[in-house]
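Asker: Read off the chains here:
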Amino acid sequence: MHIPAFENLLWGLGTALKVLLCILVVYRRVYSRLPLFTVYAVLLVVEVIFVWLVYRTWGYTSGVAWYAYWSALAIVLLARGLVIAELCWVSLKNYPGVWSLARKIVGVTATALLASAGVSAALNKHWIVGFVLTTERGLEFAASVILILLLAVSIQYKAWLEPMEHSILIGLAVYSIFQMLNRTFMSPLMTPYFHWWDSVRIACFDIAIVTWLYPLRRPLPTPSAPPVLLSEEAASDSLHQLLERMQELTSELKHLRKAIWK
Amino acid sequence: MIGFVVPIALALALLGLLLVLSHREKSEKRRLASEGYLPVEERVPRHYKMFTVIEKKLWSAEEYKRVNTWDSTNLSLRQTESKLVAEYVRGLREDFGRGNRIFGAVILHSPDVRILSQLERQRLRLRFSFWTWYVLISVKLRMNSVSVRELKRLTDVVATFAYQIRTMLIALEESGNSEFVRSVLSRS
Chain X
1 MHIPAFENLL WGLGTALKVL LCILVVYRRV YSRLPLFTVY AVLLVVEVIF
51 VWLVYRTWGY TSGVAWYAYW SALAIVLLAR GLVIAELCWV SLKNYPGVWS
101 LARKIVGVTA TALLASAGVS AALNKHWIVG FVLTTERGLE FAASVILILL
151 LAVSIQYKAW LEPMEHSILI GLAVYSIFQM LNRTFMSPLM TPYFHWWDSV
201 RIACFDIAIV TWLYPLRRPL PTPSAPPVLL SEEAASDSLH QLLERMQELT
251 SELKHLRKAI WK
Chain B
1 MIGFVVPIAL ALALLGLLLV LSHREKSEKR RLASEGYLPV EERVPRHYKM
51 FTVIEKKLWS AEEYKRVNTW DSTNLSLRQT ESKLVAEYVR GLREDFGRGN
101 RIFGAVILHS PDVRILSQLE RQRLRLRFSF WTWYVLISVK LRMNSVSVRE
151 LKRLTDVVAT FAYQIRTMLI ALEESGNSEF VRSVLSRS
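As given, the protein sequences belong to chains X and B, one line each in that order. In this text, residue positions in the first sequence follow the working numbering: the first is 1, and each later residue adds one. In this text, residue positions in the second sequence follow the working numbering: the first is 1, and each later residue adds one.
These are calculated hints, taken from the structure and not from any lab test. Every residue, glycine too, gets a C-beta built ideally from N, C-alpha and C. A couple of the hints might just be wrong.
Footprint (simulated), chain B over chain X, 3 or more residues, beta carbon under 8 Å [what the hints assert, rightly or not]:
(1) 89-101
(2) 141-149
(3) 153-160
(4) 166-179
(5) 245-254
Pairs of lysine to aspartate or glutamate, EDC-like flavour, derived with a Cα cap of 16 Å [to be verified]:
(6) X:K93 x B:D112
(7) X:K158 x B:E28
(8) B:K152 x B:E55
(9) X:K254 x B:D156
(10) B:K26 x X:E162
Pairwise CB distance ranges, derived in the manner of DEER restraints [unchecked claim]:
(11) X:A152 x B:V40: 22 to 32 Å
(12) B:E94 x X:L13: 47 to 57 Å
(13) X:L24 x B:K49: 47 to 57 Å
(14) X:V119 x B:V139: 50 to 60 Å
(15) B:E87 x X:L24: 48 to 58 Å
(16) B:T132 x X:A16: 55 to 65 Å
(17) X:Q247 x B:P39: 28 to 38 Å
(18) B:E179 x X:R29: 23 to 33 Å
(19) X:V129 x B:E179: 55 to 65 Å
Could you put the whole structure together from the sequences, leaning on the hints where they help?
Answerer: So, in C-alpha cells, the structure goes:
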C-alpha cells in the first residue's frame, strides 16, 4: 500500500510527539496528579510499537494485524474515556453538589454509550469493529459536550482548572470535535472531494499532543491551595436560608411585574 | 445530504462554543487579576445606592417639575441627564454581575444536587427579571427617555439581591467562616 510522503512525515512526527509526551509526563511526575492520563500517554506509545511490530511480523493484511489494530484502538479509546472522567473528578471533587451532578451525567453517558456499542457489536459481523466504531462515534460527541460543559462550569463558578488539566481539556475537546468532522469527510461519498482531509485527520491529534506538551515544557506549578470550604452543616444551613430568601425575592418580583403590567 | 450537514454544523457549533468559552475564561481571569487590590467594599454591589441622587437630579431638571405623575411618566431626557442615567444603569449591571458572581461562588459549595439545582433555578429567575428590566430601560434610554418607576424597579431588583448577598456573607462571617467569605470575595 502506498502512503503519500507528507502523511508519512506526519505519522513520524506524531510518533515522535507521543514518545516525547510519554517521557515528559513521567519526568514531570504527572502520575501523582493524573494517573489515568499518564497511563493514556504510555498507551499511545505502546499502541504504536505494538501495531508496528504486528504489521512487521505478520504483514499488514493478515488476520492477526486486523485484530491487533482494532484491539489496540479499543483499549486507547477506553483509556481516553477514563481520562475525561478523571479530568471531571480532579476538577470538581472539592464541590460535592456539582461533582454529584457531573458524576451522574458522566455515568449515564458512559452507560448509554457502552450499551449502544454492545448492541452494535452484537449486530455486526465483526463484533469488535461494530463495538469500536459505535463507541468512537458516541465518545467523540459525548466527550466534546462533557469537556465543554466542564469548561463552562469552571468559568461560571470560577473553579479554575490547573494549567495541565486545562491543556488536557482543550486538547481532548479540539481532537474530539475534529474527529466528528473526520467521520463525515472520510466517508466514501466525500473522500474524492476531500482527499487532503486524511492529513488533517492525522495532524489534529498532533495538535492535541502539542497542547498537552506546552505546560510540560517547565516543571508543573504546585497546585493552588484547595478552596476554603464551609463545614457541611454551615453550608447546608446558610444555603437553605439563602434559598428561602431567594424564593421570597423572586415571588416579590413576580408580584411587582404583575402590578406594573396591569 | 442532511447526514453530512448535521454533524458538520454540530462540530462547528461546538468549536465556536469552545472558542467563546476560552475567550470568556481569559477575560474573566484578566478582570480578577486587575481587581486583585480592590478593597472589600468595592467587591460588593454598591452603585444601586445612588438611586436617590439620580432621582433628585432628574427632578431638579426644570421641565419635569411640572409633571404630576412623576413616577409613571416617561421623561424625555436631555443629553446630560441621559448620560447620567445611562451611567447609573451600567453601574446597576455591574452590581448585578458582582452579586451574581458572589452568589455563584457560594452555591458552588452546596452539599447536594437538590439544593444546588433549587438555588440555580432561583438565580435564573432573578437573572431573567433583571435582564428584562435592563433591556427595557436601555432601549428607552437610546431614545432619550426613561420612566422613574421602571428605574426604581430595576434598582429594587439589584438592591434586594445585594441585601440578600450581604446578609448571607455577614451570617457566614459571624458563624466563624470569615476565611471562606474572604476567599469568595476574592474569587468573584
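Asker: Going through the numbered hints above, which ones does this structure break? Give me the numbers in ascending order.
Answerer: Checked against the structure, no hint fails, so every one of them is satisfied.
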